[in-house]
Amino acid sequence: MEKNDGVTIIVFSGEMDKVFAAFSIAIGAAAAGKETNMFFTFWGVKAIQKGNLTGQGFFGRMMGLLNRGGINRIGPSRFNFGGIGRWMFKYMMKSHKVTLLEELRKTAIDLGVKLLACEVSMQVMEIDADDLIDEVEKSCGVATMLEKAFHSQVTLFI
Amino acid sequence: MEKNDGVTIIVFSGEMDKVFAAFSIAIGAAAAGKETNMFFTFWGVKAIQKGNLTGQGFFGRMMGLLNRGGINRIGPSRFNFGGIGRWMFKYMMKSHKVTLLEELRKTAIDLGVKLLACEVSMQVMEIDADDLIDEVEKSCGVATMLEKAFHSQVTLFI
Amino acid sequence: MEKNDGVTIIVFSGEMDKVFAAFSIAIGAAAAGKETNMFFTFWGVKAIQKGNLTGQGFFGRMMGLLNRGGINRIGPSRFNFGGIGRWMFKYMMKSHKVTLLEELRKTAIDLGVKLLACEVSMQVMEIDADDLIDEVEKSCGVATMLEKAFHSQVTLFI
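Chains as they are written, first to last, in this note's numbering: chain F, 1275 to 1432; chain X, 1275 to 1432; chain C, 1275 to 1432.
Be aware that a few hints might be false.
In silico lysine-lysine, DSS-like type, Cα no more than 30 Å apart, as pairs [as the list claims (entries may be wrong)]:
hint: 1; chain 1: C; residue 1: LYS1380; chain 2: F; residue 2: LYS1412
hint: 2; chain 1: X; residue 1: LYS1380; chain 2: F; residue 2: LYS1308
hint: 3; chain 1: C; residue 1: LYS1308; chain 2: F; residue 2: LYS1388
hint: 4; chain 1: X; residue 1: LYS1308; chain 2: C; residue 2: LYS1388
hint: 5; chain 1: F; residue 1: LYS1308; chain 2: F; residue 2: LYS1380
hint: 6; chain 1: C; residue 1: LYS1324; chain 2: C; residue 2: LYS1380
hint: 7; chain 1: F; residue 1: LYS1412; chain 2: C; residue 2: LYS1308
hint: 8; chain 1: F; residue 1: LYS1308; chain 2: C; residue 2: LYS1308
hint: 9; chain 1: F; residue 1: LYS1308; chain 2: X; residue 2: LYS1388
hint: 10; chain 1: X; residue 1: LYS1380; chain 2: X; residue 2: LYS1308
hint: 11; chain 1: F; residue 1: LYS1324; chain 2: F; residue 2: LYS1412
hint: 12; chain 1: F; residue 1: LYS1308; chain 2: X; residue 2: LYS1308
hint: 13; chain 1: X; residue 1: LYS1308; chain 2: C; residue 2: LYS1412
The calculated label-pair distances, taken between Cβ atoms and stated as ranges, are [stated by the list, open to error]:
hint: 14; chain 1: C; residue 1: LYS1380; chain 2: F; residue 2: LYS1412; range: 27 to 33 Å
hint: 15; chain 1: F; residue 1: GLU1411; chain 2: C; residue 2: GLY1307; range: 21 to 27 Å
hint: 16; chain 1: X; residue 1: LYS1324; chain 2: F; residue 2: LYS1380; range: 36 to 42 Å
hint: 17; chain 1: C; residue 1: SER1413; chain 2: X; residue 2: LEU1374; range: 22 to 28 Å
hint: 18; chain 1: C; residue 1: SER1413; chain 2: X; residue 2: ALA1403; range: 40 to 46 Å
hint: 19; chain 1: F; residue 1: GLU1376; chain 2: X; residue 2: ALA1417; range: 34 to 40 Å
hint: 20; chain 1: C; residue 1: ALA1306; chain 2: F; residue 2: LYS1380; range: 30 to 36 Å
hint: 21; chain 1: C; residue 1: LEU1374; chain 2: F; residue 2: GLU1393; range: 14 to 20 Å
hint: 22; chain 1: X; residue 1: GLY1386; chain 2: C; residue 2: GLY1415; range: 46 to 52 Å
hint: 23; chain 1: X; residue 1: ALA1417; chain 2: C; residue 2: ALA1417; range: 28 to 34 Å
hint: 24; chain 1: X; residue 1: ASP1384; chain 2: F; residue 2: ALA1306; range: 30 to 36 Å
hint: 25; chain 1: X; residue 1: LYS1412; chain 2: C; residue 2: ASP1408; range: 46 to 52 Å
hint: 26; chain 1: X; residue 1: ASP1408; chain 2: F; residue 2: LYS1324; range: 45 to 51 Å
hint: 27; chain 1: C; residue 1: LYS1380; chain 2: X; residue 2: LYS1324; range: 45 to 51 Å
FYI, nobody ran anything at the bench for these hints, they're computed from the structure. No experiment lies behind these values; they were computed from the predicted model shown. We put the beta carbon where it would ideally sit given N, CA and C, even for glycine.
Please model the entire structure based on the sequences and the hints provided.
Below you can see the structure in the form of structure tokens.
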């Protein structure tokens, strides 16, 4: 990996619109031939979950309930009153033929975007490695992310 | 445009305080003689709207109602209970003689900051090109933004 | 300071989880031997407050009430219903032996991370220099921050 090339995206947020933006930028970068890494941490980990209930401990169960369903159940950062926000966002996307989140993620993977999962976040949120989609590289930490970032021209915190 | 110079700011958020921060940083960079680009996407598009009601479709109307009034009606990301947050923020700004959002935007434009509007966001939110202020470059995509970013020393996602 | 080295983090958000992420990244960068600067602005200023009530004016008192208690009273960006979010976050952190926010900040300082306070934010929020912890460099502006950023390989807006 050459110095000063590529894109590193830290996906901290779990809201649909921000995850959507993250994947859009990643796809754009990969399509332009740049090495692209996405580091999923905190709420962002939801975006690489398989979709089943997560965690067995108290907090994990609580998170699991809130996050149940994985990427398709992610709501936007605004207007998410009882799911209406998510519904509106999907409706709006569909009626304008914009690609949905799951397809975006697939496109990113197909274009060679690397998905990295933050290990500490997984532990704290009681998310098992098996709960993540297969394409994700597990057991990554801040050091791994920073190493990518120091070889990237563009690093974003989303 | 030289490599590794300039600043690119992706304005994703539509909240007053974040838009305020974005313009402040852009002005600082432009004042230091750096090429500065702001790419307005998702909720950030509000910050370059003229102020009239946007969109005729279902979602556009809904967004229009919520966003009616353009940059002067943008509220901060916190404490926005029934407009009180916006009022407090303006009061606080005024009583400390801090420049308001619209003046900030004007200053940025005067200093040569380039404003780019994300085309997909405009389509999805049913915002017409005519709804945006004249100084905005329309029909930009992620590819345009990334091209700017790859020639910038600093790229931020706000 | 060499060109294209180091990390600059703009801490705009005041939520516990985002401040946590900011310090984690700063610590990782400093541990890797990189010059690391954190610029605290807007709500982020809370993270470097001593913990006492801030400001005497109307808005300062209002902010003070909301922010009372400094870094230990910061709540996460989600699920902060009446403090339950903060409690859950701490419980979760503790039960998984993850370092708490105040210790994180101390570690960052010990590793040589420089903390800069945004002067305009302090004025607007009516926060006195004495209200900030001693390790903070006061009287910084966007220009100072940008100077650091232009010599950094990685600049993040959190």
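Each hint, compared with the structure:
1. The straight-line distance between the Cα atoms of LYS1380 (chain C) and LYS1412 (chain F) is roughly 29 Å, inside the 30 Å bound, and the hint therefore holds.
2. Of the supplied pair hints, the one linking LYS1380 (chain X) and LYS1308 (chain F) is violated, its CA atoms being roughly 35 Å apart against a limit of 30 Å.
3. Between LYS1308 (chain C) and LYS1388 (chain F) the CA atoms are separated by roughly 25 Å; this keeps the pair inside 30 Å, and the hint holds.
4. Taking the CA atoms of LYS1308 (chain X) and LYS1388 (chain C), the gap is about 25 Å. The hint holds against a cut of 30 Å.
5. A hinted pair counts as satisfied when its Cα atoms are at most 30 Å apart, and LYS1308 (chain F) with LYS1380 (chain F) qualifies at roughly 18 Å.
6. Using a Cα cut-off of 30 Å, the hinted pair LYS1324 (chain C) and LYS1380 (chain C) holds, with the two alpha carbons roughly 13 Å apart.
7. At most 30 Å may separate the alpha-carbon atoms for a hinted pair to count; LYS1412 (chain F) and LYS1308 (chain C) meet this at roughly 25 Å.
8. For the given pair, LYS1308 (chain F) sits about 25 Å from LYS1308 (chain C) by alpha-carbon distance, which is consistent with the 30 Å threshold.
9. Distance restraint check for LYS1308 (chain F) and LYS1388 (chain X): the Cα-Cα separation of roughly 25 Å lies within the 30 Å cut-off, and the hinted pair is therefore satisfied.
10. Restraint check: the Cα-Cα separation between LYS1380 (chain X) and LYS1308 (chain X) comes to about 18 Å, which is no more than 30 Å; the hinted pair holds.
11. Under the criterion of a C-alpha separation no larger than 30 Å, the hint pairing LYS1324 (chain F) with LYS1412 (chain F) is consistent with the structure, at around 14 Å.
12. Taking the CA atoms of LYS1308 (chain F) and LYS1308 (chain X), the gap is about 25 Å. The hint holds against a cut of 30 Å.
13. A hinted pair counts as satisfied when its Cα atoms are at most 30 Å apart, and LYS1308 (chain X) with LYS1412 (chain C) qualifies at roughly 25 Å.
14. Restraint check, LYS1380 (chain C) to LYS1412 (chain F): a C-beta distance of roughly 30 Å satisfies the suggested window 27 to 33 Å.
15. Checked against the given bound of 21 to 27 Å, the beta carbons of GLU1411 (chain F) and GLY1307 (chain C), roughly 25 Å apart, stay inside it.
16. The hint said 36 to 42 Å for the Cβ distance between LYS1324 (chain X) and LYS1380 (chain F), and at roughly 38 Å that hint holds.
17. Evaluation of the 22 to 28 Å hint for SER1413 (chain C) and LEU1374 (chain X) yields a pass: the beta carbon distance comes to about 24 Å.
18. The beta-carbon spacing between SER1413 (chain C) and ALA1403 (chain X), approximately 43 Å, falls within the hinted interval of 40 to 46 Å.
19. About 23 Å separates the C-beta atoms of GLU1376 (chain F) and ALA1417 (chain X), a value inconsistent with the hinted range of 34 to 40 Å.
20. ALA1306 (chain C) and LYS1380 (chain F) have their C-beta atoms about 34 Å apart, which keeps the hinted 30 to 36 Å range intact.
21. The given range of 14 to 20 Å is respected by LEU1374 (chain C) and GLU1393 (chain F), whose C-beta atoms sit roughly 19 Å from each other.
22. Between GLY1386 (chain X) and GLY1415 (chain C) the beta carbon distance is about 20 Å. The supplied range of 46 to 52 Å is therefore violated.
23. The beta-carbon spacing between ALA1417 (chain X) and ALA1417 (chain C), approximately 32 Å, falls within the hinted interval of 28 to 34 Å.
24. A hinted range of 30 to 36 Å for the beta carbons of ASP1384 (chain X) and ALA1306 (chain F) is consistent with their spacing of about 32 Å.
25. Between LYS1412 (chain X) and ASP1408 (chain C) the CB atoms are about 50 Å apart, so this pair conforms to the stated range of 46 to 52 Å.
26. The given range of 45 to 51 Å is respected by ASP1408 (chain X) and LYS1324 (chain F), whose C-beta atoms sit roughly 48 Å from each other.
27. Our hint of 45 to 51 Å for LYS1380 (chain C) and LYS1324 (chain X) holds, since their Cβ atoms are close to 49 Å apart.
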